[in-house]
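Protein chains: 2
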Amino acid sequence: MEVQIAVAKTNKYAVSESGDTLEVVERPNGGLSVVLADGQTSGRGAKAVSMLVVRKVISLLAEGVRDGAAARAASDSLYTDKQGKVTSTLNVVSVDLQTGTVVLTRNNPAPFFIARGEQVDCIGTESSPIGISRSVRPVISEIPVEPGLTIVVYTDGLVHAGERVGRPMDVCTSLQAMLEEQEPSPQAIADTLLAEAVRLDEGRPADDISVLVLKVTKRAGDDVRRMTVRLPIRGNGA
Amino acid sequence: MEVQIAVAKTNKYAVSESGDTLEVVERPNGGLSVVLADGQTSGRGAKAVSMLVVRKVISLLAEGVRDGAAARAASDSLYTDKQGKVTSTLNVVSVDLQTGTVVLTRNNPAPFFIARGEQVDCIGTESSPIGISRSVRPVISEIPVEPGLTIVVYTDGLVHAGERVGRPMDVCTSLQAMLEEQEPSPQAIADTLLAEAVRLDEGRPADDISVLVLKVTKRAGDDVRRMTVRLPIRGNGA
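Quick mapping for you: the protein sequence lines, in order, are chains A and B. Read left to right, the first sequence gives residues 202 to 439 (this note's numbering). Read left to right, the second sequence gives residues 202 to 439 (this note's numbering).
Please keep in mind that the hints were generated in silico from the structure rather than gathered at the bench. Don't take each hint at face value.
[Stated by the list, open to error] So the derived list for chain A, only partly shown, Cβ under 7 Å to chain B, looks like this:
#1 206
#2 211
#3 266
#4 286
#5 403
C-beta: ideal position from N, C-alpha, C; glycine also.
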């Protein structure tokens, strides 16, 4: 098998800094975790919050702390730091090679999607952002790693896309349409969802948008781990 | 412009855990850094060392500490922890959007390559691994981010490939041959170098091997940041 993870990420229109932060960390007992946070508001302040949250979670995961405990710690830490005045959403997607499962930890009102083949389930269990109070708990789902599994997680920029002009995005329908096509790559899924959101926002995203897609394929290739990062730089080089 | 970074990474033959650790972190003032460490020996012990080093460097970079200072701190920290008995190589490749440069920080006897178009330079300035004494300094190079720039960094598994059977690898020649072809992607460069090393080791790598390629292209596309990770999982799911 092979787990493939793809991310597409853009900023709110006319804001140079994304309030979303996403990082990947190796798990000390095998596998990896992707941590995605969206700090309240946008621009520099939001970026500082989401970086704080992601750093906290990543450093705990690297020490072998379980995902749920890391999310609670990040919430308490943010609450203590900002006295409950600043919140952040948090999603952790972990491939745990010890248990052979994908562990999804979520403190985000935005739902996520699990697809097996072409069957798409929207998981929208109520879930609060972190930093809001002392009693925030994550919603945790654990799913066996098996070929055909696709998971889509995103920040609320995708949820709210098109609302300004009265044409909200229907992520589930878009995703279903894509999965009916021939084996879309996770990058193609992430790119298509992001492009649709930007189009609904008429080319000027009303918020930062990050889309994360995890896909498990059969594959009988080599044992090489691979990673690619693409960072566009505006004309002035800054 | 667009900066593209690609990594290909494999383990020593018959060792399930790679002693190399590689992680990417966003720089708080714009851009990103890739941190690659290769802990002495192989397997679980080496992994613990390289993770320690990478975590240390990443957490300092995330706080805005300069690359050279972060490398010195990681060296002192490893030296203090292991009393100079365990060393690690360290390479930090940073895209600094504030200065518009790529900053290469190196504590690794293995050289690295800078190519502009088809002109390839091998940078082999003497450089010691970290953790060896109290006075370890990194070798730092700073290069403007401009289209046509290609940088190749790797761990010593690539340097030593083929030595066992008396056919050592010539990275420079391989790289030059590739760059003469039509615009190879950074992933293609990393994959080809890694595949050649594995072939020289007769399919059984004598050491962990990681290859990191950074490439700057012209490109006039969208402003979307993208990332892909591919994690092969052996049959038993572990």
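Here's how the hints hold up against the structure:
Here the hint on residue 206 of chain A is kept, as its CB sits about 4 Å from the closest CB of chain B, short of 7 Å. Hint on residue 211 of chain A holds. Least Cβ distance to chain B is approximately 5 Å, under the 7 Å limit. Interface restraint check: residue 266 of chain A against chain B, minimum CB-CB distance 13 Å, threshold 7 Å, status violated. Taking 7 Å as the C-beta cut-off, the interface hint given for residue 286 of chain A is violated, the closest approach to chain B being about 22 Å.
The interface hint given for residue 403 of chain A is violated, since its Cβ lies 15 Å from the closest Cβ of chain B, which is over the 7 Å cut-off.
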